[in-house]
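Residue numbers (full-length UniProt numbering), protein chains in the order written: chain A, 1 to 446; chain B, 1 to 479.
Check before you lean on any hint, since a few could be wrong.
List time: in silico BS3-like cross-link candidates among lysine-lysine, alpha-carbon distance up to 25 angstroms [said to hold, decoys possible]:
#  : chain 1 : residue 1 : chain 2 : residue 2
1  : A       : Lys-231   : B       : Lys-21
2  : A       : Lys-39    : B       : Lys-345
3  : B       : Lys-109   : A       : Lys-110
4  : B       : Lys-109   : B       : Lys-309
5  : B       : Lys-438   : B       : Lys-338
6  : A       : Lys-231   : A       : Lys-169
7  : A       : Lys-53    : B       : Lys-109
8  : B       : Lys-265   : A       : Lys-34
9  : A       : Lys-411   : A       : Lys-39
10 : B       : Lys-265   : B       : Lys-137
11 : A       : Lys-174   : B       : Lys-251
12 : A       : Lys-167   : A       : Lys-231
13 : B       : Lys-251   : B       : Lys-265
14 : B       : Lys-345   : A       : Lys-42
15 : A       : Lys-152   : B       : Lys-21
16 : A       : Lys-152   : B       : Lys-251
17 : B       : Lys-109   : A       : Lys-380
18 : B       : Lys-345   : A       : Lys-110
19 : B       : Lys-3     : B       : Lys-172
20 : A       : Lys-53    : B       : Lys-345
21 : A       : Lys-445   : A       : Lys-173
22 : A       : Lys-231   : B       : Lys-15
23 : A       : Lys-231   : B       : Lys-251
24 : B       : Lys-69    : A       : Lys-287
25 : B       : Lys-395   : B       : Lys-109
26 : B       : Lys-265   : A       : Lys-39
27 : A       : Lys-377   : A       : Lys-414
28 : B       : Lys-338   : B       : Lys-69
The hints are simulated quantities; they were obtained by calculation from the structure and are not laboratory data.
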Amino acid sequence: MYSLLFKSFFRTRIFLISLVLLITVGVISILIGKQYLVKQEKAILAAQEFQQKSIERNLDYHNDDLGLLLYYLRFTLIKQPSNIGAISIGQSDVNPLLQAVTIRGLEGQKYDTDFENPSLLMSGNLDLGFVIIYLFPLVLIAMTFNLYSEEKELGTWRILTAQTSGKAKFLLKKLGIRILFVFAILIFLLLLANGVLSIPMNENFWAIFLQSILYVFFWSSLCLFVVSFRKNSSFNALALISIWVVLTVLIPAMVNNYVLNTYQVPEALEAMVEQRDGYHEKWDMEKDATMTGFFEAYPQYKGYTVPEEEFSWIWYYGMQHMGDLAAEETSNEMMEKVMLRNTVSEKVALFIPTMHAQLSFNSVAGTDMIGHLEFLKGLKEFHEGLRVNFYPKVFDNNPADSVDWQNHAAKFYKPTSYVNWVYILMPTLFIVVIMGTLALLNLRKL
Amino acid sequence: MRKNVIYLLARQLWKDAFRSKVMHVALGLMVFLLVFSAYTGWENYHDQNFTRTGIQEEVQESWENNPDKHPHRMAHYGSFALRLKHVLSVFDLGMENFVGNAIFLEAHKQNTVNFSEASMSTGLLRFGEVSLAMLLKVIVPLLIFYLGFAAIARERENGTLKLLIGQGIRRKEIVFGKWLGLFGLSLIFLFSIFLLVLFFVLIESHNGMFQDNVSRYAVLLISYVLFFAILSTITILVSAFSITAKGALVKLLGIWLLFVIIVPKSLQAMGYYLYPTPSKIEMETAVEHDLIQQGDSHNPDDPHFKALKDSVLLVYKVEKVEDLPFSYSGFIMAQGEKLSTEIYKDHQERLYQVYQQQNNLERYSAFVNPYTAIKNLSMAFSGTDFKSFLYFKSKAETYRYNLAQEMNQLQMDLIPNKGKEGPNVISNNYWKEFPPFKYDLLSVSKVFQNEKISIFALLLWGVVAFYGLLRISTNLKAI
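Using the sequences and the hints given, assemble the complete structure.
Here it is, written out as structure tokens:
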């Protein structure tokens with residue numbers, strides 16, 4: 001029985017088309033992932049070299065004035081890339097991989113973007129995640145929409161019912177073979193990606209692996225559900241493609257529109273202006289206007305005297321820091337808004353497997369919004385560390401030699417990652433069970 | 001061809017369509033989506049522009065309220081440029097959410113345009129956005145296919161095609177009648193959306209924008225009408241050449257998936273793969289490298305600036321810079337700004353050329369994929385394409401450059417040279433005299449130039465489609 005079903009399946013045109021389509025696009029997507037990793041590596045190397053060279057060169061010019069030297073020097077914090085990001089590039093093309101900052105006000109530096117072609121950003125990356133989320137369902141639909149109706153329309157159904165004991169069982173077997181084939185390709189591509197992109201076989205990889213499997217199960221159960229109504233082929237094709245459009249295009253896009261409009265972030269622009277004004281206005285004020293606030297934030301420097309009539313670096317960097325303080329509240333509000341966008345999206349996604357697959361892929365791969373916000377937090381700490389390290393030396397008017405510049409190579413930020421298995425797997429599993437049960441109940445009436 | 005027969009057939013297709021469940025579901029869905037996208041599109045346009053105009057005014061106010069000070073301090077104080085949305089962004093969002101919205105303009109440095117919506121969004125953004133144009137580009141084509149796949153194929157399956165021909169109706173009349181009916185159906189969606197857009201255009205076209213906006217609107221309308229005519233043709237052609245209605249549907253669905261989802265994205269990805277771009281840090285390194293090669297103003301022994309100094313001293317017939325009649329440091333900064341701006345522009349230009357190469361792969365595919373043609377055209381005429389963004393960016397950069405150079409000029413003219421006595425600050429009246437940042441939109445003629453390929457491709461498609469319709473009508477098989 002099975003061997004015959006296999007044979008008849010292998011002879012169909014759709015089998016060949018699916019095989020070629022999925023393998024080709026799948027391999028392309030893995031190559032694109034590879035290129036993404038190479039680009040990251042190049043950027044990191046360039047950043048490391050840039051930092052070293054720029055320290056060397058500026059040391060030549062401003063060796064006697066550490067305050068001035070630090071006005072120019074930029075220190076790089078790099079988000080440690082993980083290879084699994086190449087499977088689901090997510091938001092990591094919009095958000096920069098690294099940030100090179102001076103010890104001046106951070107707020108004016110931390111949102112600087114990297115260069116990326118907006119046309120590409122708009123069309124999105126063709127990564128393996130995309131292939132799994134968009135193309136696998138299509139192939140499943142193409143292979144199953146006439147699971148029953150084809151037999152009916154060709155007139156073979158009556159013969160079959162006469163020859164087999166369980167009609168539902170026959171359909172399930174037929175479906176099983178098709179699902180098995182899709183799973184074989186899926187697992188092949190995931191393992192290929194694992195090898196080509198040198199992704200460690202850790203928790204994160206298995207999370208993406210299992211989520212993909214569940215996701216394909218979801219579409220299989222959905223297809224079975226639609227087929228179980230035993231409509232004709234045209235109706236099934238129309239219905240399934242419409243469902244696909246609603247789940248992968250319309251609902252996510254509408255949720256996105258809703259989230260962007262409901263949680264607008266004018267704070268981003270406000271903070272930008274506040275930072276500049278908070279810093280610049282201090283030039284025209286008494287020195288105390290700066291120093292009081294600065295000493296409140298850093299009481300350990302209270303011992304330094306600030307000359308009233310002339311320029312001093314403690315006053316200058318104090319003013320810079322006041323800019324950040326002026327924008328701090330608005331900036332925090334902005335971060336909260338962005339987090340809110342994320343929370344709301346994730347909540348809605350619990351009910352929509354396509355959205356959930358995308359968001360959980362990104363989250364596991366560390367390419368989501370939260371990953372970037374964490375990096376920005378890390379950047380703030382990094383910046384603070386630099387300042388507190390340099391402040392006393394600058395305020396004491398130490399020469400540049402007093403700093404051990406060997407310690408100031410580009411630094412890496414290591415993202416914390418943990419996999420929340422319940423959050424990742426439960427929603428889809430739940431929907432699969434419901435959908436599968438409904439389909440089977442429908443089939444019993446056969 | 002007899003007109004009344006064609007109209008009769010077209011009307012029949014309408015009647016059948018309105019009787020079918022697909023049409024009811026489609027109409028209901030479309031009304032909902034239309035209201036949703038019009039509302040969110042308008043809300044977004046209105047709120048964003050309101051915020052940005054407010055901040056732009058605030059920025060100008062604080063600029064003017066600065067007290068007397070050294071002009072170079074004002075050059076560092078700088079300004080901001082905020083990008084405003086075109087009213088037609090309510091129709092087509094285009095790249096709107098993927099490009100930055102605000103840029104800090106200061107001396108010595110070209111900043112990036114920051115705070116794109118994309119940079120503050122979750123991964124959901126990649127599923128796309130709903131806009132009125134998206135409905136016309138993505139959803140309505142699918143509906144046209146749904147409504148038209150059976151047009152001829154089912155008549156043949158049922159044997160009614162044979163009857164029609166037997167009754168003396170010509171093949172040409174059947175094909176054109178069906179085509180007209182389907183095209184007419186698609187125009188219901190088209191006109192309801194464009195009517196809404198017309199309303200937005202009219203209420204938002206003040207300050208001499210009227211003519212420009214209306215011509216953009218007219219081009220969009222004509223393009224979409226042509227696009228739908230082409231889609232209706234494709235549907236009828238496929239239906240006419242398929243043995244069964246089911247076959248026609250499967251083919252059309254395949255065409256839709258391929259042309260709307262898979263091909264554009266794959267080509268864009270391929271362009272990215274073929275033409276790699278440098279990261280920002282790599283470009284900055286290159287810019288700095290070139291700058292040092294050309295002349296390093298920090299280096300006291302730099303040959304470029306040494307030669308510059310010597311020539312200035314020679315012209316003014318003085319021995320040392322302190323004897324010059326203007327502030328020499330202002331002069332050096334003006335020269336440095338000029339040099340660094342040129343070098344930066346040069347690198348940026350090269351980067352944009354690579355982007356163009358990346359995009360061209362998809363752009364030229366308009367000749368095989370009409371969706372690409374309408375996509376690019378629609379964005380461009382809605383003022384939401386990359387070129388419109390670059391136009392804003394170049395205006396902002398010009399403003400930045402002028403601001404920095406104006407402050408340098410003030411420094412040269414009014415701040416005493418090194419070693420001379422005199423005030424170190426100038427009156428704040430000079431800030432008030434510097435005009436605020438304003439920018440207009442890319443002119444329609446420029447947009448036409450940018451979209452030559454898309455327009456040509458769409459027209460070509462129109463011709464080919466019409467020819468195809470004429471051809472099959474004579475070859476239509478009755479059984």
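Comparing the hints with the structure gives:
Only pairs whose Cα atoms come within 25 angstroms are accepted, and Lys-231/A paired with Lys-21/B is accepted, the gap being roughly 14 angstroms. In summary, the hint linking Lys-39/A to Lys-345/B is supported, as the alpha carbons are separated by about 23 angstroms, within the 25 angstroms threshold. Distance check on the hinted pair: Lys-109/B and Lys-110/A sit about 16 angstroms apart at the alpha-carbon level, within 25 angstroms; holds. Restraint check for Lys-109/B and Lys-309/B: satisfied, since their Cα atoms lie roughly 23 angstroms apart, inside the 25 angstroms limit.
Annotation: proposed proximity of Lys-438/B to Lys-338/B holds, straight-line Cα distance about 22 angstroms (limit 25 angstroms). Using a Cα cut-off of 25 angstroms, the hinted pair Lys-231/A and Lys-169/A holds, with the two alpha carbons roughly 18 angstroms apart. A threshold of 25 angstroms between alpha carbons decides the hint, and for Lys-53/A with Lys-109/B the separation of about 20 angstroms falls inside it, so the pair holds. A C-alpha spacing of about 18 angstroms is found between Lys-265/B and Lys-34/A, which places the hinted pair at or below 25 angstroms, so the restraint holds.
This hinted pair checks out: Lys-411/A and Lys-39/A have alpha carbons roughly 18 angstroms apart, not beyond 25 angstroms. Restraint check for Lys-265/B and Lys-137/B: satisfied, since their Cα atoms lie roughly 15 angstroms apart, inside the 25 angstroms limit. Taking the CA atoms of Lys-174/A and Lys-251/B, the gap is about 24 angstroms. The hint holds against a cut of 25 angstroms. In summary, the hint linking Lys-167/A to Lys-231/A is supported, as the alpha carbons are separated by about 16 angstroms, within the 25 angstroms threshold.
Distance restraint check for Lys-251/B and Lys-265/B: the Cα-Cα separation of roughly 20 angstroms lies within the 25 angstroms cut-off, and the hinted pair is therefore satisfied. Under the criterion of a C-alpha separation no larger than 25 angstroms, the hint pairing Lys-345/B with Lys-42/A is consistent with the structure, at around 23 angstroms. Taken as a hint, the Lys-152/A and Lys-21/B pair is honoured in the structure, with Cα atoms around 23 angstroms apart against an allowance of 25 angstroms. For the hint linking Lys-152/A to Lys-251/B, the alpha-carbon distance of about 21 angstroms falls within 25 angstroms, and the restraint holds.
Restraint check for Lys-109/B and Lys-380/A: satisfied, since their Cα atoms lie roughly 23 angstroms apart, inside the 25 angstroms limit. Our distance criterion of 25 angstroms between C-alpha atoms is met by Lys-345/B and Lys-110/A, whose separation comes to about 23 angstroms. The suggested pairing of Lys-3/B with Lys-172/B holds, with an alpha-carbon distance near 11 angstroms, which does not exceed 25 angstroms. Pair hint Lys-53/A plus Lys-345/B holds up; C-alpha atoms about 23 angstroms apart against a cutoff of 25 angstroms.
Under the criterion of a C-alpha separation no larger than 25 angstroms, the hint pairing Lys-445/A with Lys-173/A is consistent with the structure, at around 17 angstroms. At most 25 angstroms may separate the alpha-carbon atoms for a hinted pair to count; Lys-231/A and Lys-15/B meet this at roughly 24 angstroms. Only pairs whose Cα atoms come within 25 angstroms are accepted, and Lys-231/A paired with Lys-251/B is accepted, the gap being roughly 19 angstroms. At most 25 angstroms may separate the alpha-carbon atoms for a hinted pair to count; Lys-69/B and Lys-287/A meet this at roughly 16 angstroms.
With a CA separation close to 15 angstroms, the supplied pair Lys-395/B and Lys-109/B stays within the 25 angstroms bound. Using a Cα cut-off of 25 angstroms, the hinted pair Lys-265/B and Lys-39/A holds, with the two alpha carbons roughly 20 angstroms apart. For the given pair, Lys-377/A sits about 12 angstroms from Lys-414/A by alpha-carbon distance, which is consistent with the 25 angstroms threshold. Pair hint Lys-338/B plus Lys-69/B holds up; C-alpha atoms about 23 angstroms apart against a cutoff of 25 angstroms.
Violated hints: none; the structure is consistent with every hint.
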